[in-house]
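Trainee: Sequence:
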Amino acid sequence: MIDKKNNSKEIKQLLNFLEEFSFISKKFSRINFIELLQDSYTENLEVNERNSKSKKNDIKGFLVGYLPRVLLDKDLFQKNKDIDDFARLLGIEISRPEKRSREEMIGIIVCDVHEKNSSDLVKAYNIINSMSNNPLVLSKIKERKNLSSAQNEIYDWNEVIKDIFNKD
124 MIDKKNNSKE IKQLLNFLEE FSFISKKFSR INFIELLQDS YTENLEVNER
174 NSKSKKNDIK GFLVGYLPRV LLDKDLFQKN KDIDDFARLL GIEISRPEKR
224 SREEMIGIIV CDVHEKNSSD LVKAYNIINS MSNNPLVLSK IKERKNLSSA
274 QNEIYDWNEV IKDIFNKD
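Sequential numbering of the sequence shown, starting at 124, is according to my numbering.
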């Protein structure tokens, strides 16, 4: 008996909905819904395209703004060679790094990032963004670096990044 009451109640709700829908559809009968849907789809595509372009610019802006802060961290980059190794990880070659000052090397990296294509910076963005958003990631990197220094091992950024981000 309960099922019949529920079914009749649902049928009444459906009939009320259809009645209201018919009133609304009469009111908007002059509108071409297919054209409206196509226009809104095209507009959404254009908005998404603009957003993806601005996101690419955001990657560059973020890196240009945040890289100096990271690279000036003496706990993380004790020597210029450390900065050079990190730059190589990012795909940036610094000529004669042993003859350059710390600030000059950082300037070269920042300028190179600014000139690179945004698609080439995704790896750098992921690393730096993780370091900036999660203090645990930064502390893991520093811990690994200190451990390598204490054991007189070569500090390999690729290994560190692979370990921290679990990537091959």
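It is worth saying that the hints were derived from the structure and are not from the lab.
The structure displayed is predicted, hence computed values, not measured ones.
Think of the CB as a built atom: it goes at the ideal place given N, C-alpha and C, for glycine as much as any other residue.
There could be a bad hint or two in this list.
Have a look at the derived ranges for each label pair, beta carbon to beta carbon [as the list claims (entries may be wrong)]:
#, residue 1, residue 2, range
1, E227, Y189, 17 to 25 Å
2, E166, S253, 29 to 37 Å
3, S253, E276, 18 to 26 Å
4, F144, V245, 46 to 54 Å
Trainee: Which numbered hints does this structure break?
Mentor: none
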